[in-house]
Amino acid sequence: GSIVAVSLFYAQSQVTNLVAFYLIWLGLGVTMAMVLYQPAFVVTAKWFEQRRKLALAIITFAAGFASTIFLPLTANLLTQFGRVQTQIYLAMLLGVITIPLHGLVLRHRPKSLGLQPDGTHQAASTHNAAHPPSKTTSTAVRDRTFWILALAFGLNALASVGIHVHMIALLLGRGFSAEKAAFMAGGIGVAKVLGRIIYVPIGERIAGKQMAMLLFAGQALAFVLLWLGSAEINGWVFILLFGTVQGATTLIRPTLIAELYGAASFGGISGMLTVTQRLFSTAAPFGIGYLYTRWDAGYSPILLVLFALSGLALLAMSTIRPHPLTTQKVR
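When we follow our numbering, the leftmost residue of the sequence shown carries the number 75, and every step to the right adds one.
You may find that some hints are simply not true.
Below, in silico cross-link-like pairs of lysine to any residue (SDA-like), each with a Cα-Cα straight-line distance of 20 Å or less [what the hints assert, rightly or not]: (1) Lys185 to Val170; (2) Lys254 to Ile271; (3) Lys185 to Thr219.
Derived DEER-like restraints, expressed as beta-carbon distance ranges [to be verified]: (4) Val179 to Asp370: 55 to 65 Å; (5) Thr210 to Asp370: 45 to 55 Å; (6) Val104 to Ala291: 32 to 42 Å; (7) Leu353 to Asn91: 26 to 36 Å; (8) Ala107 to Val179: 27 to 37 Å.
Rather than coming from a laboratory, the hints here were simulated on the basis of the structure. This structure is a prediction, so every number in the text was calculated from the model and none was measured. Where is the CB? At the ideal position from N, CA and C, for every residue including glycine.
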């Protein structure tokens with residue numbers, strides 16, 4: 075994935091044709107699925123059990139600073155060298171850092187180095203006795219729990235992605251300047267980092283299902299607070315609560331998959347859930363835009379719809395029953 079990403083990023087710097095530009099971006103979209111959060115979560119699930127939540131939090135915490143580092147870096151390079159040279163330099167940087175790490179350091183599973191998860195040298199027989207076999211992807215998708223999980227995260231994404239896309243428009247409609255609206259919306263990213271920091275100590279004390287329910291309830295509460303008033307304080311409280319919840323929600327899905335189905339088929343199961351979640355996410359901005367135009371009543375009634383969607387996600391999550399695989403808590 076890293077090699078293809080570097081090649082395509084360099085090719086994009088040389089493109090002069092619109093069709094080729096779109097094709098390259100299509101290829102980059104495929105490579106993103108090969109190198110970003112989802113494959114990183116797959117490897118993490120195989121390498122860690124006792125400290126899995128901490129490992130996931132560290133990965134997402136570090137990744138959260140990507141825009142903080144590369145937006146100003148890219149702007150500086152563009153000023154000095156222009157678009158073509160900037161993309162070449164960024165492609166070189168991407169290759170120098172990621173290809174050696176992925177090719178020489180990263181291993182798919184601990185057994186490749188003669189280890190067990192968490193880097194221990196525990197005997198395989200003892201390890202397997204402590205942890206029941208993982209479920210396969212085909213078994214998971216025939217399981218009612220899988221589709222409830224897909225529905226819960228899909229409804230949650232429908233609400234969260236929808237407000238993300240319409241956040242600045244909502245703030246502008248409440249009388250905030252464009253600069254203030256952009257600044258406030260940007261605060262969601264900062265709050266996400268906070269959510270990932272506090273996720274670990276809380277997540278170590280409660281099971282994944284309860285953590286997910288807590289997060290979905292927090293999102294529902296955030297929408298109510300934004301609906302209750304148009305004052306700036308309401309906006310900031312919403313941004314703090316909503317962003318914190320979103321940051322932690324990034325981590326709860328891989329945690330739940332590992333707890334419910336184990337690590338062996340984590341990639342396939344996570345991929346299937348991602349497909350369903352993306353369908354909901356894609357529909358969100360269009361659905362909210364349609365309701366906004368159809369009702370012609372501003373965003374207040376839409377916030378109630380988003381609250382209801384979050385509540386339904388919470389209700390769906392509450393019906394999930396743990397499998398025998400989760401009788402011993404996996405962190």
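Results of checking the hints against the structure:
no., hint, result
1, Lys185 to Val170, "violated, 27 Å"
2, Lys254 to Ile271, "violated, 26 Å"
3, Lys185 to Thr219, "violated, 30 Å"
4, Val179 to Asp370: 55 to 65 Å, "holds, 56 Å"
5, Thr210 to Asp370: 45 to 55 Å, "holds, 50 Å"
6, Val104 to Ala291: 32 to 42 Å, "holds, 36 Å"
7, Leu353 to Asn91: 26 to 36 Å, "holds, 31 Å"
8, Ala107 to Val179: 27 to 37 Å, "violated, 21 Å"
Against the hints set out earlier in the document, violations occur for numbers 1, 2, 3 and 8.
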